[in-house]
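These are the residues of each chain, in order.
There are 2 protein chains.
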Amino acid sequence: MKRSLGAKTLVYPAPAWIVGSYDARGKPNGMTAAWGGLCCSDPPCVAVSLRKATYSYGNLVARKAFTVNVPSQSQVRQADYFGLVSGRTTDKFAATGLTAVRSDLVDAPYVQQCPLVLECKIVHVFELGLHTQFVGQIVDVKADESVLDAAGKPDILKVLPLVFSPGNQVYYGVGVSLGHAFAVGKEV
Amino acid sequence: MKRSLGAKTLVYPAPAWIVGSYDARGKPNGMTAAWGGLCCSDPPCVAVSLRKATYSYGNLVARKAFTVNVPSQSQVRQADYFGLVSGRTTDKFAATGLTAVRSDLVDAPYVQQCPLVLECKIVHVFELGLHTQFVGQIVDVKADESVLDAAGKPDILKVLPLVFSPGNQVYYGVGVSLGHAFAVGKEV
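These protein sequences, in sequence, are chains A and B. Numbering-wise (this note's numbering), the first sequence opens with residue 871 and increments by one. Numbering-wise (this note's numbering), the second sequence opens with residue 871 and increments by one.
Everything labelled a hint here was simulated from the structure, so no lab data went into it. Beta carbons: idealized from backbone N, C-alpha and C, even for Gly. Worth double-checking, as some hints may not be accurate.
Here chain A is said to cover these stretches of chain B; the calculated rule only asks that three of the stretch's residues, wherever they fall, bring their Cβ under 8 Å from a Cβ of chain A [what the hints assert, rightly or not]:
{"id": "1", "region": "923 to 937"}
{"id": "2", "region": "1028 to 1034"}
When the alpha-carbon atoms are kept at most 25 Å apart in a straight line, the in silico DSS-like pairs for lysine-lysine are as follows [claimed, not checked]:
{"id": "3", "chain 1": "A", "residue 1": "K878", "chain 2": "A", "residue 2": "K922"}
{"id": "4", "chain 1": "B", "residue 1": "K878", "chain 2": "B", "residue 2": "K934"}
{"id": "5", "chain 1": "A", "residue 1": "K1028", "chain 2": "B", "residue 2": "K878"}
{"id": "6", "chain 1": "A", "residue 1": "K878", "chain 2": "B", "residue 2": "K878"}
{"id": "7", "chain 1": "A", "residue 1": "K991", "chain 2": "B", "residue 2": "K872"}
Work out the full structure: start from the sequences and follow the hints.
Here it is, written out as structure tokens:
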């Protein structure tokens, strides 16, 4: 028996990514975003949605670029901090001790300590309501050597990204492997 | 030291949702999608991206509605099956033993056995390249009584959604709690 819960943004899993940008003076900023996801394979694109009220919103509009930085479990406090305060009044990098690195490819900084980062140029801006969706074409993905597997691909169990639960607003880790896509279903 | 991995759709976590729809004859279909995410709080919206080649694509365009069905860990085989074969030639519900339930709110079926389902009417269709992004306004969220917590909210550790890893294409479970958002960052 299913219970109706109403019209709510309630679905799992959601990500918790730090969206990196520069403000008008070139000060790096980051904000934690959970409204987002991959949205196109060719060109490779990722979407993040921001409220107009955020400081990052103006940065993305002006710079036409952002980075997606995937914090690891050990960085949950810093990641949450990036969602707690505004870059308008705070230098979040200074406050957390994280390092903003200028991208060679797009006009945005990435977070050096995040094990996986995506450099994105904005190719679409969609007004959806309270949130504006920025679609970024992924120009490059960069990963720490320490999180790569033998084949040179990032291993999610080394990256250890945050899994955000919109309902109770709790961060979780990644659990055990349940099998390969396009494979386990053959046994259905 | 970060290694450049190129322009790839490589970020964590991604979801694994069954997108429910009706075809022209009213046959229910579902397809597993990992390119998607929440995208607006007001109105509450979720986005899913489909390739034009999929059978579901035409269904969504014609019916202007879809459901997002969150499979549980125990349904990983069925969920994968919904991404392996085409609804053009297969009745995936019959093949998996899952049940399509007609929504009272939108012109799409949901999956009875999935613990959490979202009923969505399409409010935007964005052409991004290989994928088309459908933005669905969430009209209702329905959850099994068995996955609700004491406050009547879905508990992610009872829903046990799949966490998809685009790199190695493996499904994972949800891991341990790492703390509350808008809270743990205060200790940074």
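The hints, checked one at a time:
1. 923 to 937: Answer violated; 0 residues pass the 8 Å Cβ test.
2. 1028 to 1034: holds (count 5)
3. A/K878 / A/K922: OK: A/K878 and A/K922 at ~20 Å, within 25 Å.
4. B/K878 / B/K934: violated, 30 Å
5. A/K1028 / B/K878: holds, 19 Å
6. A/K878 / B/K878: Judged against 25 Å, a Cα distance of about 31 Å means the pair is violated.
7. A/K991 / B/K872: holds, 20 Å
Of the hints listed earlier, those the structure fails to meet are numbers 1, 4, 6, in rising order.
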